[in-house]
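Student: Okay, here's what each chain looks like letter by letter:
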Amino acid sequence: MSSQTTERREKANAPAGGTAGVIDAPTAKARHEISRAAAPEEGRETLIKLLHQMILIRRFEEKCAEAYSLGKIGGFCHLYIGQEAVGVGAISAIRDDDYVLTSYREHGQAIAKGISPDAVMAELYGKAGGCSRGKGGSMHLFDKDVNFLGGHAIVGGQIPLATGVAFASKYQETDKVTLCFFGEAAVNQGAFHESLNMAQLWKLPCIYICENNQYGMGTSLARAMSLQNVAEKACAYEMASEFVDGMDVIAMRQATQRAVQRAREESKPTLLEARTYRYMGHSMSDPGNYRTRAEIEKHQERDPIKIFTATLKEQNILSDKDLAAVEAEVKEQVEQAVRFAEESPEPDESELYTNVYANPLN
Amino acid sequence: MAVMTMRDALNQALKEELERDPSVFLMGEEVAEYQGAYKVTRGLLETFGPKRVIDTPITELGFAGLGVGAAMVGLRPIVEFMTFNFSILATDQIINSAAKMLYMSGGQFKIPIVFRGPGGSAYQVSSQHSQALESWFAYFPGLKVVMPSTPADAKGLLKSSIRDDDPVIFIEQERMYGMKGEVPEDADFTIPLGVAEVKREGTDATIIARSLMVPTALKAAEQLEQDGVSCEVIDPRTIRPLDINTIVESVKKTNRAVIAEESHPFCGVAAEISAEINERAFDYLDAPVKRVSGVDVPMPYAKNLERLAIPDVEQIVAAVREVAYL
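Chains as they are written, first to last, in this note's numbering: chain A, 1 to 362; chain B, 1 to 326.
Worth flagging that the hints you see were computed from the coordinates, not collected in a lab. A couple of the hints might just be wrong.
Unchecked claim - For lysine-lysine, the following DSBU-like pairs were computed, each having C-alpha atoms within a straight-line distance of at most 35 Å:
1) B:K110 with A:K268
2) A:K176 with B:K51
3) A:K170 with B:K51
4) A:K144 with B:K51
5) A:K176 with A:K49
6) B:K110 with B:K51
7) B:K253 with B:K199
8) B:K39 with A:K170
9) B:K110 with A:K49
10) B:K39 with A:K203
11) B:K15 with A:K268
12) B:K15 with A:K203
13) A:K306 with A:K72
14) A:K203 with B:K110
15) B:K110 with A:K72
16) A:K313 with A:K331
17) B:K290 with B:K180
18) A:K321 with A:K306
19) A:K144 with B:K110
20) B:K15 with A:K176
21) B:K39 with A:K268
22) B:K252 with B:K219
23) B:K15 with B:K219
24) A:K176 with B:K110
25) A:K49 with A:K306
26) B:K253 with B:K180
27) B:K51 with A:K203
28) B:K15 with A:K170
29) A:K144 with B:K15
30) A:K298 with A:K72
31) A:K127 with B:K110
32) A:K331 with A:K306
33) B:K39 with B:K219
34) A:K268 with A:K144
35) A:K170 with A:K49
36) B:K51 with A:K268
37) A:K170 with B:K110
Please build the complete structure, drawing on both the sequences and the hints.
Tutor: This is the structure:
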């Protein structure tokens with residue numbers, strides 16, 4: 001499969017011609033690397049694992065929507081459907097001991113980083129078996145054992161935090177890197193700019209991944225951002241940056257691998273802009289009246305699972321039988337997650353008062 | 001014991017804790033090469049180097065959040081706000097990240113961080129640079145709030161704050177950096193958080209005061225002593241958690257309470273202490289609890305107006321006389 005040019009809403013913000021899918025603004029040209037067509041050069045096992053994770057996340061999120069409508073999941077619930085390639089591709093490029101911080105649209109990334117679907121679903125159900133013991137919910141998934149550092153629900157709030165985690169890796173003289181995911185709307189927050197400035201100034205091993213799904217809740221990019229090529233904003237900080245086709249899991253993996261190498265070997269940050277699209281509303285309570293069905297369907301033509309499956313089949317890496325096996329395994333995983341969540345007890349009422357302080361005094 | 005200024009006592013605490021624990025580092029605006037806007041961090045860059053004493057850009061939200069992130073994975077940051085007025089830009093990270101991280105992660109991520117710097121009223125710096133913000137921070141479960149009133153307390157409490165595993169808001173009074181007092185020089189000297197101190201014993205009325213209001217209350221107590229009124233002065237030292245028992249025990253003895261504070265009265269710490277006294281010791285009170293707070297206006301610039309905005313000895317004396325029906 002190949003990277004494609006994502007349609008820009010504003011001509012003024014469109015790339016000045018050139019390679020498809022590459023931000024190519026003249027002022028930034030030198031610093032931007034090219035996200036090449038992503039021909040799978042990986043081993044079969046890796047490719048199938050990527051596909052498996054994307055399908056698992058898709059089915060998991062579909063199940064979340066169902067459970068939400070049944071009142072099993074409360075509060076805000078932001079689904080990742082359509083964006084799976086970004087989290088799966090990027091997280092596949094890091095080590096288990098590397099860190100991930102992200103926003104409130106994080107079920108998929110939590111699973112990709114290694115939190116079990118059981119513990120994620122139980123958290124959404126507000127159960128004691130949840131990865132945050134039922135105290136965080138959909139927007140605050142944490143698991144110290146797999147270095148998944150949340151789930152943060154103030155837009156852009158995780159960006160300074162991730163910068164601090166990367167700072168600590170450098171201070172502690174480890175070679176761990178930090179992935180920081182956020183939506184494009186977070187780019188308008190001061191937290192984004194303050195963090196990128198410090199990260200480049202102090203050469204911190206942080207990889208900032210903007211998941212540009214083109215809407216901040218119901219406000220389109222064109223209505224909210226003066227310069228809509230997010231990757232270009234790295235110029236302001238002399239930071240390496242790259243535009244990536246966020247519907248292409250291999251492109252995401254490879255772009256992240258380049259950024260990881262820069263972070264691990266040179267201790268330098270990178271800004272990746274992944275162009276993607278969310279199919280569902282901002283949250284479960286969003287009917288999506290700000291866009292047309294046709295627009296969604298247009299993006300679904302390049303569905304990340306669909307196009308990756310097609311590529312794997314074309315290259316004889318995946319048979320129909322293999323795909324059926326993956327689907328069957330995923331189905332069982334999701335059903336198991338629901339069973340686990342249903343059976344897990346609610347937190348004990350005494351938990352209301354625990355974990356307020358690590359060193360409680362009075 | 002050595003006699004030193006509040007500034008030097010704080011400096012000593014920072015130095016000792018940086019020496020003691022390599023995971024402690026200090027960051028903030030002008031803390032390193034400039035030696036600190038108020039010279040609290042003087043000499044630390046030279047001793048500990050730029051890895052551990054870090055000048056930041058003017059980017060309060062950013063470096064406050066960076067500190068919280070570093071604390072998530074094992075470091076113990078000390079973040080200096082040049083003044084707490086600038087912490088207002090960082091409140092999202094202090095409140096939404098630092099205060100809540102342990103809870104919302106189900107106990108997985110403690111945040112051992114100290115946010116420190118000068119706060120309260122300063123000299124003629126007007127509305128945006130002269131304000132008391134402790135009631136803001138004390139409002140939030142998950143934060144601890146500390147306000148020393150002597151050089152010894154400053155040293156002992158800062159060391160405890162740095163060793164504490166929770167986020168601590170440590171507010172130094174801007175007018176008190178030059179105040180001198182005896183300070184233990186033992187590197188193991190600490191003062192536990194959450195423990196009030198009776199700064200002066202008395203029998204007729206309890207004055208609860210913090211930070212700059214402690215020396216003011218002690219002067220008022222001296223003056224009242226000459227009129228035959230014996231005042232007990234209590235400094236909670238830690239606003240959250242609040243050592244309410246020491247306060248209540250004193251009020252049960254004196255049957256009268258005056259609470260002095262620099263901050264605005266509305267939703268302030270004195271209002272909280274007053275409510276606690278009413279809930280716990282109402283039957284012991286011989287008069288309504290009286291607050292002496294900063295006036296409910298932004299801080300003015302003009303010297304005479306500024307003087308009127310901050311409680312002074314006379315106002316505290318008058319308040320005690322009022323609750324004593326004198």
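Student: When the structure is checked against the list of hints, which entries are broken? Sort them ascending.
Tutor: As far as the earlier hints go, not one is violated by this structure.
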